[in-house]
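Peer 1: Work the whole structure out from these sequences, hints included.
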Amino acid sequence: MDFSFFIMQLISGLTVATLLFLVASGLTLIFGVGDVFNFAHGSFYMIGAYLAFQMISVLQVNFWLGLVLSGLGAGLVGIVAEVFLLRRIYGRKHEAGFQILLTFCLILIIDDLVKIIWGTEYKTIQRPSGFTGPVQIGDLYIPSYNLLIIVVGIIVVVAAWWVLNKTRAGKIARAAAVDREMLGAMGINVPMTMTMVFGIATALGGFTGALAAPLRSVTPGAGVEVIIDSLIVVVIGGMGNFWGAWMGALLIGELTAFGIVIVPKWATLFSYLVMIIVLIFKPEGLFSPRKIRKV
Amino acid sequence: MKTESRFRETSLWATIMIIFGLVPVFMTSTYQMNLASHILIWILFATAFNMLWGLTGMLSFGQALYYGLGAYFVGLMVKYLGSAWFFPGMAIGLVASAIIALLIGLLLIRVGGVYFTMLTLAFAQLMYQIMFKWYNFTGGDDGVVGIMQPGIFSNPIVYYYFILGIVIASIWILKRIAYSPFGMVLRCVNQNPDRVRFLGRRVRRNQLRIYIVSSVFVALAGGLMVGVDNSIHTDMFVWTTSGEVILMTVLGGINQFFGPFVGAIALILIEDIVGAYTEYWSLIIGTIVLIMVLLFPKGLVGEFLQLKHRFLKLKKHGG
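Protein chains in written order, with my numbering: chain A, 1 to 295; chain B, 1 to 319.
Simulated from the structure, these hints should not be mistaken for lab results. Note that this is a predicted model, so its numbers are computed, not measured. Keep in mind that the hints are not guaranteed to be accurate.
Stated by the list, open to error - Listed next, the in silico SDA-like pairs over lysine to any residue satisfying Cα-Cα at most 20 angstroms (straight line):
#, chain 1, residue 1, chain 2, residue 2
1, B, Lys175, B, Leu295
2, A, Lys93, B, Gly113
3, A, Lys115, B, Glu279
4, A, Lys93, B, Ile157
5, B, Lys298, A, Lys265
6, B, Lys298, A, Trp266
7, A, Lys115, B, Gly113
8, B, Lys133, B, Thr241
9, A, Lys115, B, Thr278
10, A, Lys265, B, Gln191
11, A, Lys265, B, Lys133
12, B, Lys133, A, Ile154
13, A, Lys115, B, Lys298
14, A, Lys282, B, Thr278
15, A, Lys282, B, Arg110
16, A, Lys282, B, Val114
17, A, Lys115, B, Glu303
18, A, Lys282, B, Leu107
19, A, Lys93, B, Glu271
20, B, Lys298, A, Leu85
21, A, Lys166, A, Ile154
22, A, Lys265, B, Asn136
23, A, Lys93, B, Asp194
24, A, Lys93, B, Tyr277
25, A, Lys93, B, Leu103
Peer 2: This is the structure we're talking about:
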């Protein structure tokens with residue numbers, strides 16, 4: 001493996017990791033703040049990708065505007081789902097099981113709705129002007145769109161850090177993660193907080209779907225592929241741990257990128273193995289403090 | 001009172017036997033026989049699954065692992081060793097599933113709640129990937145087709161009665177387990193594991209036992225399915241298969257022993273009827289289960305029992 005090849009794989013792994021992180025951060029945010037396990041998170045990714053196709057490829061909206069609108073659209077669907085469906089089962093016995101089931105139903109419904117609206121053929125989105133070709137750095141030619149994704153990822157991480165740690169909204173979200181009842185007693189509208197967090201998280205998922213669309217083709221099965229990968233990332237980082245998700249995404253992204261070079265056939269197994277090892281030895285996640293958990 | 005309930009119990013089993021026993025008499029087309037066989041096998045799968053979730057409170061999103069294993073042991077043995085290995089393959093599949101369930105179960109019971117669900121999902125997906133990639137041995141995505149049973153069992157009607165016998169016997173055994181002292185401990189584990197410990201019972205050992213029992217019966221369902229479809233496919237391992245069995249269970253009701261039984265019949269019939277009109281059947285199923293979860297969380301059987309209870313109360317007050 002020569003150096004330039006190494007860098008290429010590194011960049012490709014980073015691109016995958018960034019996309020993974022962007023989806024997984026939403027998933028882990030909902031779990032951390034609201035104790036909601038959103039199995040349908042991949043479906044919001046898919047909604048974002050299809051909305052981007054509709055706006056950018058069909059309606060010829062400006063690429064960047066299309067990205068943002070797709071994210072907002074997915075977030076809107078998320079808010080509707082939270083208010084009309086998920087909110088009704090909070091606090092029920094066997095709640096976790098019913099959440100998984102309810103969001104599993106959402107996967108089935110959204111998958112079919114997407115097929116009805118956009119058909120089953122593959123859809124593609126052109127890369128935006130200025131990001132179609134490679135960038136030359138020394139002897140290396142790196143696809144500029146990959147670099148763009150990595151930069152966007154870094155911006156989102158910094159923005160998320162700022163919102164979570166420096167603003168009032170972030171403080172409320174962190175407080176909700178610790179004790180929702182107490183938060184309600186302090187005069188904060190807890191159901192509204194949950195809805196907003198769910199909306200932001202699904203918007204992030206939809207935005208990622210739109211951002212990834214020019215790289216990967218848009219298909220009805222996209223949501224299902226994404227959810228399993230982002231689940232792995234969230235579990236490795238620790239469910240509800242925002243920064244853990246970042247580390248988990250980097251680990252899985254690079255592991256896949258280099259695994260494919262070393263053992264092409266079995267590379268997809270690695271991420272499952274890592275997930276299993278983490279769940280067995282440290283179910284709280286690699287980057288979360290150890291807690292005592294019983295049954 | 002005791003004789004009355006025993007009479008009821010016997011008549012329930014007799015009704016089930018008669019209804020399913022008469023299927024080949026009235027349904028003559030291969031398609032309908034096939035549908036009836038599918039229903040029986042999914043009944044076993046769903047009932048065995050609910051021994052974990054409804055009874056013990058362990059939601060597994062990976063029982064497809066054992067369903068696939070049971071099927072692949074039969075399918076691959078017939079492929080490589082000939083059709084005489086159909087039934088030995090099924091038996092070996094059950095033993096192997098029990099061993100694998102023991103090994104995986106020892107790891108699974110270390111974690112609880114959502115983590116348990118995720119870990120079961122991870123193991124099932126890992127096995128799916130292995131079967132998918134190991135093309136030379138398993139046939140990968142193509143699976144194996146043309147797997148025939150030996151002798152007279154290749155006759156669909158004979159095989160149907162074979163399935164009926166095995167499924168009814170299995171359900172009967174599972175019901176005995178659910179209402180045994182062991183089943184009572186499992187119910188307690190579901191409600192309050194700490195108190196079970198105070199009473200001097202081992203929570204994890206009981207969880208492990210029921211995990212193995214459930215997995216073996218799920219593997220049996222998988223092995224039986226090979227004779228119906230005459231093929232095996234990697235889709236048997238995939239997580240949506242585990243999801244489908246959860247949908248059935250909720251449709252029927254998770255807190256009743258016969259909930260998954262009714263749910264499996266309902267879901268397969270809905271799939272069949274809706275599938276005849278539209279390809280978007282998962283939209284319909286998703287919506288139906290969504291409504292069940294939101295408005296009728298007790299499921300078909302649970303809500304029916306509640307209605308009946310209310311009706312009887314009303315009658316008593318009126319008379």
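Peer 1: Take the hints in turn and mark each one as holding or not.
Peer 2: Verification of the supplied hints:
Distance check on the hinted pair: Lys175(B) and Leu295(B) sit about 28 angstroms apart at the alpha-carbon level, beyond 20 angstroms; violated. A C-alpha spacing of about 13 angstroms is found between Lys93(A) and Gly113(B), which places the hinted pair at or below 20 angstroms, so the restraint holds. Distance hint between Lys115(A) and Glu279(B) is fulfilled; the C-alpha atoms sit about 10 angstroms from each other, no more than 20 angstroms. A C-alpha spacing of about 44 angstroms is found between Lys93(A) and Ile157(B), which places the hinted pair above 20 angstroms, so the restraint is violated.
Between Lys298(B) and Lys265(A), the direct Cα distance comes to roughly 45 angstroms. Violation of the 20 angstroms bound is thereby established for this hinted pair. A distance of roughly 43 angstroms separates the Cα atoms of Lys298(B) and Trp266(A); the hinted pair therefore is violated under the 20 angstroms criterion. Among the hinted pairs, Lys115(A) with Gly113(B) is inconsistent with the structure: their alpha-carbon atoms are about 34 angstroms apart, more than 20 angstroms. In summary, the hint linking Lys133(B) to Thr241(B) is supported, as the alpha carbons are separated by about 19 angstroms, within the 20 angstroms threshold.
For the proposed pair Lys115(A) and Thr278(B), the alpha carbon gap of about 12 angstroms is at most 20 angstroms, so the pair holds. For the suggested pair Lys265(A) and Gln191(B), the alpha carbons sit about 45 angstroms apart, so the restraint of at most 20 angstroms is broken. Distance restraint check for Lys265(A) and Lys133(B): the Cα-Cα separation of roughly 7 angstroms lies within the 20 angstroms cut-off, and the hinted pair is therefore satisfied. At most 20 angstroms may separate the alpha-carbon atoms for a hinted pair to count; Lys133(B) and Ile154(A) exceed this at roughly 35 angstroms.
Our distance criterion of 20 angstroms between C-alpha atoms is broken by Lys115(A) and Lys298(B), whose separation comes to about 32 angstroms. For the suggested pair Lys282(A) and Thr278(B), the alpha carbons sit about 46 angstroms apart, so the restraint of at most 20 angstroms is broken. Simply put, Lys282(A) and Arg110(B) have alpha-carbon atoms about 10 angstroms apart, close enough for the 20 angstroms limit, and the pair holds. Proposed proximity of Lys282(A) and Val114(B) is supported: the alpha carbons are some 14 angstroms apart, at most 20 angstroms.
Simply put, Lys115(A) and Glu303(B) have alpha-carbon atoms about 34 angstroms apart, too far for the 20 angstroms limit, and the pair is violated. A C-alpha spacing of about 12 angstroms is found between Lys282(A) and Leu107(B), which places the hinted pair at or below 20 angstroms, so the restraint holds. Of the supplied pair hints, the one linking Lys93(A) and Glu271(B) is violated, its CA atoms being roughly 29 angstroms apart against a limit of 20 angstroms. At roughly 17 angstroms between alpha-carbon atoms, Lys298(B) and Leu85(A) fall within 20 angstroms of each other, so this suggested pair holds.
Only pairs whose Cα atoms come within 20 angstroms are accepted, and Lys166(A) paired with Ile154(A) is accepted, the gap being roughly 18 angstroms. Annotation: proposed proximity of Lys265(A) to Asn136(B) holds, straight-line Cα distance about 12 angstroms (limit 20 angstroms). Distance hint between Lys93(A) and Asp194(B) is fulfilled; the C-alpha atoms sit about 17 angstroms from each other, no more than 20 angstroms. For the proposed pair Lys93(A) and Tyr277(B), the alpha carbon gap of about 37 angstroms is over 20 angstroms, so the pair is violated.
Simply put, Lys93(A) and Leu103(B) have alpha-carbon atoms about 30 angstroms apart, too far for the 20 angstroms limit, and the pair is violated.
Going down the numbered hints, you'll see the structure goes against 1, 4, 5, 6, 7, 10, 12, 13, 14, 17, 19, 24, 25, while the others check out.
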